[in-house]
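Numbers 1 to 76, taken from the working numbering, label the letters of the sequence shown in order.
Bear in mind the hints are in silico, worked out from the structure with no lab data behind them.
Please note that the accuracy of each hint is not assured.
[Said to hold, decoys possible] Straight-line C-alpha distance at most 30 Å; calculated DSSO-like pairs for lysine-lysine: (1) 18 x 28; (2) 34 x 3; (3) 22 x 34; (4) 28 x 3; (5) 13 x 28; (6) 60 x 73; (7) 8 x 34; (8) 60 x 3; (9) 34 x 18; (10) 73 x 34; (11) 34 x 13; (12) 18 x 73; (13) 22 x 8; (14) 18 x 8; (15) 73 x 8; (16) 3 x 73; (17) 22 x 73; (18) 28 x 73; (19) 60 x 8; (20) 34 x 60; (21) 13 x 3; (22) 18 x 3; (23) 3 x 22; (24) 13 x 73.
Computed from a prediction, not measured in an experiment: that's the story for all the values here.
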Amino acid sequence: MNKFWFSKEYRGKGIGGKLLAKAEETAKQMGATKALLTTYDFQARTFYEARGYEVVGEIKDYPPGSSYYTMVKQLL
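Given these sequences and hints, build the entire structure.
If you want it as structure tokens, here you go:
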């Protein structure tokens, strides 16, 4: 499992989107057709949805008061 995050000072500058796009492009070059990730309700769900990821699984109330999501994107 790999964990990745940005300190607040680097958020909102487009770095995450560029890094994600590069990772997806590299995955496609290696033959991947889907990307899979997990995130929490209080983390980056909307960030990933804005970039084409869809929720395919949810664990509700984990941690209490939040949800844990599995998200997938077709790499075309």
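Structure-based check of all given hints:
{"no.": "1", "hint": "18 x 28", "verdict": "holds (15 Å)"}
{"no.": "2", "hint": "34 x 3", "verdict": "holds (19 Å)"}
{"no.": "3", "hint": "22 x 34", "verdict": "holds (14 Å)"}
{"no.": "4", "hint": "28 x 3", "verdict": "holds (21 Å)"}
{"no.": "5", "hint": "13 x 28", "verdict": "holds (25 Å)"}
{"no.": "6", "hint": "60 x 73", "verdict": "holds (21 Å)"}
{"no.": "7", "hint": "8 x 34", "verdict": "holds (29 Å)"}
{"no.": "8", "hint": "60 x 3", "verdict": "holds (21 Å)"}
{"no.": "9", "hint": "34 x 18", "verdict": "holds (18 Å)"}
{"no.": "10", "hint": "73 x 34", "verdict": "holds (6 Å)"}
{"no.": "11", "hint": "34 x 13", "verdict": "holds (26 Å)"}
{"no.": "12", "hint": "18 x 73", "verdict": "holds (16 Å)"}
{"no.": "13", "hint": "22 x 8", "verdict": "holds (21 Å)"}
{"no.": "14", "hint": "18 x 8", "verdict": "holds (17 Å)"}
{"no.": "15", "hint": "73 x 8", "verdict": "holds (26 Å)"}
{"no.": "16", "hint": "3 x 73", "verdict": "holds (18 Å)"}
{"no.": "17", "hint": "22 x 73", "verdict": "holds (14 Å)"}
{"no.": "18", "hint": "28 x 73", "verdict": "holds (12 Å)"}
{"no.": "19", "hint": "60 x 8", "verdict": "holds (27 Å)"}
{"no.": "20", "hint": "34 x 60", "verdict": "holds (24 Å)"}
{"no.": "21", "hint": "13 x 3", "verdict": "holds (20 Å)"}
{"no.": "22", "hint": "18 x 3", "verdict": "holds (17 Å)"}
{"no.": "23", "hint": "3 x 22", "verdict": "holds (17 Å)"}
{"no.": "24", "hint": "13 x 73", "verdict": "holds (23 Å)"}
Going down the numbered hints, you'll see the structure goes against none, and every one checks out.
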